[in-house]
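Chemist: Chain residues, written in single-letter form:
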Amino acid sequence: MRKVLHVDYSLCIGCETCEGVCEFLHHGKPNIRVYYTVTGIPIPINCRHCEKAPCMEVCPAGAISRDHDGAIIINPNKCIGCMMCLAVCPFGVPTFDVKLKAMTKCDMCADRRELGMPPACSEMCPAEAIFFGKPEEAEEEIRRRTAEKIARERISSIPLEGVGRQL
Amino acid sequence: MGGMNFAFLCREKPKPTGKKVAIIGAGPAGLAAAGYLVCHGHEVHVYDKLPEPGGLMLFGIPEFRIPIYRVRDGCKNLENAFEVKFFPRTKVCFGNPNEDGDDFVEKRVEFEELVKNYDAVLIATGAWNAYLPNIPGSDLEGVFSALEYLFRIKSVKLGHMDWSEVPPIEGKKILVIGAGHTAVDAAIESVNLGAEKVYLSYRRTIREAPAGAYEIHLLQQRGVKWLERTMPVRIIGENGKVRAVELVKTKMSEPDETGRRRPIPIEGSNFQIDVDYVICAVGQMPTPPFAKETGIALDRKGRIVVDSRHMTSREGVFAAGDVVLGPSKVGKAVKDGLYTAESIHYWLMEVRE
Ligand SMILES: Cc1cc2nc3c(=O)[nH]c(=O)nc-3n(C[C@H](O)[C@H](O)[C@H](O)COP(=O)(O)OP(=O)(O)OC[C@H]3O[C@@H](n4cnc5c(N)ncnc54)[C@H](O)[C@@H]3O)c2cc1C
Ligand code: SF4
Ligand code: SF4
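Residue numbers (the working numbering), protein chains in the order written: chain A, 1 to 167; chain B, 168 to 520.
Hint data in this document are derived by calculation from the structure and do not stem from the laboratory. Here a beta-carbon is modelled for each residue, glycine too, at the ideal position from N, C-alpha and C. Warning: the hint list may mix true and false statements.
Said to hold, decoys possible - Chain B regions said to be covered by chain A (calculated; three or more residues, Cβ under 8 angstroms):
{"#": "1", "stretch": "228 to 237"}
{"#": "2", "stretch": "464 to 470"}
{"#": "3", "stretch": "494 to 503"}
As the list claims (entries may be wrong) - Computed far set for chain A versus chain B, every beta-carbon distance over 10 angstroms:
{"#": "4", "residue": "Tyr9"}
{"#": "5", "residue": "Cys15"}
{"#": "6", "residue": "Asp67"}
{"#": "7", "residue": "Asp69"}
{"#": "8", "residue": "Gly70"}
{"#": "9", "residue": "Cys82"}
{"#": "10", "residue": "Met83"}
{"#": "11", "residue": "Met84"}
{"#": "12", "residue": "Lys99"}
{"#": "13", "residue": "Lys101"}
{"#": "14", "residue": "Thr104"}
{"#": "15", "residue": "Ala127"}
{"#": "16", "residue": "Lys149"}
To be verified - If you want a taste of the chain A side facing chain B, the calculated C-beta under 7 angstroms gives, among others:
{"#": "17", "residue": "Leu11"}
{"#": "18", "residue": "Ile13"}
{"#": "19", "residue": "Glu16"}
{"#": "20", "residue": "Thr17"}
{"#": "21", "residue": "Gly20"}
{"#": "22", "residue": "Thr39"}
{"#": "23", "residue": "Ala87"}
{"#": "24", "residue": "Pro90"}
{"#": "25", "residue": "Met124"}
{"#": "26", "residue": "Pro126"}
{"#": "27", "residue": "Glu128"}
{"#": "28", "residue": "Glu136"}
Using the sequences and the hints given, assemble the complete structure.
Modeler: Laid out in structure tokens, this is it:
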């Protein structure tokens, strides 16, 4: 079933937990990385698992495919390392792995999904800025979370203890 | 969505190994380590001096950045599904004096006691020792470290303190010193809690502000007065309380031998502003759970020294997070906690890499 892994940049606090957890799982090479713009805004960059994935369309070796959850996967055995995927990716996501001699990128934690576990970054982001699930579920969560954020900023001077549901 | 899943490495608790690990400090480093260790079958006990686990994620960082339920539900999951035992309000000590965040301590446990009773000990006590600028008047009533200020505000919001234990903020004039994330958070909370005027003083320019120009611009939009290239020289009191602060404008020095330019005061440029509080966010120092000789080496900045196995100079005692790195970030603490837990696991199971 189609799943999305969505990062909401307005909720990200730039804590780098996603990157740290991903690095730990991928032997020192994170597939999600936080970049800081010149004005100091943190932006995590990772694969968007595009619906019309340019990387998959351009790959001359047919090494890129979509799995049952909708994740775009590079097969290192088929990849010829021409870097065309990197050239066309709007986010500059695929990276060349010197050891593998192939391109790699986020696979939405394929081995974890196999065991029924969601991608680790979405499990650990303290700001709840990373959403994983069916598109409509993820969108619901994003809106709910955004509403909470707006409310919290607006009424943060009012103690919420005893007023409705404790957050 | 639920809470942070600190035990994200496994779906359920595996077969027990029979090994017991004590973790001192339930911040992101300690919790991430606890998650790794329970996923590898070890029994984990977590000691923290605060009334609930979460560390600075709960007691420092404002809840509009990290939702409270995200941390709380994550800790509950560790407790319920993975049988992590939490010992809140319990300070682990070895001759250490009172520190920020000691308000809730009900029990004390000797550090040596833990070393004796557990197969391994992890120190993840963070960096809670705030610097106060060494200027006249910094001992006046109304001078706070930003950490203490935010800690009290968060303690109320978490339901552990009463507003009467927080300095009244509504209608006050407040100067925050610094331009890092802690300074920004202290300024925002002051605005949110109804301060009449909030100033932010920084020695350098907006371009050097550690929180980034964007955050400073946002503050300015919300009415915070940004005083760049200024530094406080003295805090002026009346009846023992802060009344005003004297600042001086700064310029950049000629490059020193290392080629670095430092902000230096411009003589005769002093000016005063009337304020009720001065909040200092100029840095923190690590707080290891001991002061006396324990055989654990610290470096010049007070950080615990660890080897490539994340072990301290004492066999079987490990350390992770800000107490090793110095003030850092949630993600850096989490990552360090994970690598350290992995190393503890290898050490306990005598796996040689
Ligand atoms: C105001 C503020 C805002 C911040 N904002 C951000 C941000 O937006 N993004 C970001 O990534 N980082 C931010 N940080 C930094 C981040 O919070 C820390 O880097 C991180 O929490 C460090 O994790 P830790 O587990 O090492 O220590 P901590 O989170 O400090 O946890 C240490 C724990 O140890 C306990 N402890 C200490 N001594 C003892 C003892 N003797 N006995 C028992 N328990 C003890 C403490 O009670 C505490 O719970 C901020 C920090 C502050 C102060
Ligand atoms: S873990 Fe979440 S808040 Fe932290 S950097 Fe990643 S996306 Fe941003
Ligand atoms: S690698 Fe780039 S183009 Fe391909 S799916 Fe990911 S984001 Fe889209």
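Chemist: All hints are to be evaluated individually against the structure, with a verdict given for each.
Modeler: Structure-based check of each hint:
no. : hint       : result
1   : 228 to 237 : holds (count 10)
2   : 464 to 470 : violated (count 0)
3   : 494 to 503 : holds (count 6)
4   : Tyr9       : holds (12 angstroms)
5   : Cys15      : violated (4 angstroms)
6   : Asp67      : holds (20 angstroms)
7   : Asp69      : holds (17 angstroms)
8   : Gly70      : holds (19 angstroms)
9   : Cys82      : holds (33 angstroms)
10  : Met83      : holds (29 angstroms)
11  : Met84      : holds (32 angstroms)
12  : Lys99      : holds (18 angstroms)
13  : Lys101     : holds (25 angstroms)
14  : Thr104     : holds (20 angstroms)
15  : Ala127     : violated (6 angstroms)
16  : Lys149     : violated (6 angstroms)
17  : Leu11      : violated (9 angstroms)
18  : Ile13      : holds (5 angstroms)
19  : Glu16      : holds (3 angstroms)
20  : Thr17      : holds (4 angstroms)
21  : Gly20      : holds (3 angstroms)
22  : Thr39      : holds (4 angstroms)
23  : Ala87      : violated (30 angstroms)
24  : Pro90      : violated (23 angstroms)
25  : Met124     : holds (6 angstroms)
26  : Pro126     : holds (5 angstroms)
27  : Glu128     : holds (5 angstroms)
28  : Glu136     : violated (15 angstroms)
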